[in-house]
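As they're listed, the protein sequences go chains X and U. Final position of the first sequence in our numbering is 300; the numbers increase by one with none missing. Final position of the second sequence in our numbering is 270; the numbers increase by one with none missing.
Think of the hints as simulated: they come from the structure by calculation, not from any bench. A hint or two may mislead.
In silico DSBU-like pairs for lysine-lysine, Cα to Cα no more than 35 Å straight-line [as the list claims (entries may be wrong)]:
no., chain 1, residue 1, chain 2, residue 2
1, X, Lys119, X, Lys3
2, U, Lys108, X, Lys47
3, X, Lys81, U, Lys133
4, X, Lys119, X, Lys53
5, X, Lys215, U, Lys133
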Amino acid sequence: MPKGEIIAGFLAPHPPHLVYAENPPQNEARSQGGWEQLRWAYERARKSLERLKPDVLLVHSPHWVTQLGHHFLGVPQLRGKSVDPIFPNLFRYNFELEVDVELAEACCAQARELGLVGKMMRNPNFRVDYGTITTLHMIRPQWDIPIVGLSANNSPYYLSTEAGLEEMALLGLATRRAIEQSGRRAVLLASNTLCHWHFHEEPAIPEDMSQEHPKSYAGYQWDMRIIELLRQGRTHEVFELLPSFIQEAFAEVKSGAFTWMFSAMGYPEIPGELHGYGTVIGTGNAVMEWDLTRPSHAVN
Amino acid sequence: MPLVAAVLVPGSPLHLLRPDNPPWAPLANAYHSAGALLAAANPEVLLVYSTQWLAVLDELWQTRARVQGLHVDENWYEYGDLPFDIAIDTTLAAACIEGTASLGVRSKGVDYDGFPIDTGTLVANHFLNPHGKLRLVIASNNLYHDWQTTQQLGAVAARAAEGLGRRYAVVGIGGLSGTIFREEIDLASDHIASPTDDRLNRELLDCLRTGPADRVQTFCAGYAPAARADMGMKHLAWIMGALGDHYRGAQVLAYGPSYGSGAAVVNFHC
């Protein structure tokens, strides 16, 4: 069996508004569009994914919050209806997905070997969270690639940002080891928004884009600073700034997916490709790609 | 007086799904006792606030006449499913939504098939409304609301119930101290993880027994951060707001652990 590898990582945020705006048949709610820049960003990411042809997609979602350890979906097929508890008016999605249980078990075992608490979720009635579903739908609406779903342990909130993200880095290392031993060609999806300051009331027409803009100018500036560093491949600097970014921009990367992904990829100092940026109820969202298969990773 | 009962109860599914585990049995038994007390008080409707129904935009209220389904807890899925069939007092819920405008709080109804009712509400409904005869009003925990706002929401709900002539009981669902075990433990050895939390929990319960109401509020302001209390004890604020001048102290039916965190079943004298 050839050695498995991580072929790419995507920053792939999960505002349910994007699914709502697209009007896929799986979602009950109907819209008149909206958030086009972000949806076009995902269209570009979809083309990249098509070219990469991965065996499996791994997604770490901040909306499957676990207290005791890091959990992995462990049922071969899951189906049901996932209604977003925050935006039920927008997201009522009938999902059906295939889980790469073998790889999930390997990730869990590696996590335990590194001293983390890892648990396999075996309940067939489990309702998959909207973060996992939105990210997966937006990156691959065909749902024809098996997935591994990881929970977000609440350690960055329960312990401290630094201690929690250290755990996420270990989880990334465990994920990488499991992928290498599996022989799979894997793509990682970090389901995170950047600046997370948001409006507290929804417009009467949610997709009325005349109401959409960054909630916080300072948060927007932080997003641009981080994105520009990522575009230049200055990963080390980004992670040095991460605690301040999280603190000042209320960034959702605190929940761990971003750190998990970069740790698994070995914190590559390569330029990330920005597919697009946009706000959703005021939060900052970037769709970005790190293609590890490119022959040259020279910084622009 | 249409207010007939008020209880503070835990929202963890562990006490429902593993009631025979020795550290959890007293809480499960007390939960059943609270259910019997409620039945004797004969309310028509339960005014429910659970720390586990999180909202960030607006204050959400369940407005679907009947909510049914099968819920699996995202943390404790291995211990079983939570089937549910709950009737909602939609008229009263609408009155609550209308009533919050006076607080400057925008409210919205939630009426969607498949909406994920939170674990805490389902656990409480199972113990307190085992035959499903009582209708519920269910309010969300908006993360940006503080103690005072939540207290006012409880008062609004109580006024709305009184305005419609309902016999009602108030239910606040949530835990006490928040320190948990972050490693796997032998369930039979569960206990309050932190001795400091244990002391603070007992002081809180003593305070609830005797009051008065302003002392409870003052105590909670210090207790909540010190004990990492569940959502700043906003489920207690809901109860205190609904009780208002009717607060007469309380009886602690049980106190114990929930994987290291604190939990109690408390019956308020009405």
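Holds or violated: U/Lys108 to X/Lys47, with C-alpha atoms at most 35 Å apart: violated, 39 Å
Within a Cα-Cα threshold of 35 Å, do X/Lys119 and X/Lys53 meet the stated pairing? Within the cut-off at roughly 29 Å; holds.
35 Å limit on alpha-carbon distance, applied to hinted pair X/Lys119 and X/Lys3: Holds, because 25 Å separates the two Cα atoms, which is no more than 35 Å.
35 Å limit on alpha-carbon distance, applied to hinted pair X/Lys81 and U/Lys133: holds, 27 Å
When you check the alpha-carbon spacing of X/Lys215 and U/Lys133, does it fall within 35 Å? violated, 45 Å
Of the numbered hints given earlier, the model fails hints 2, 5; all others are met.
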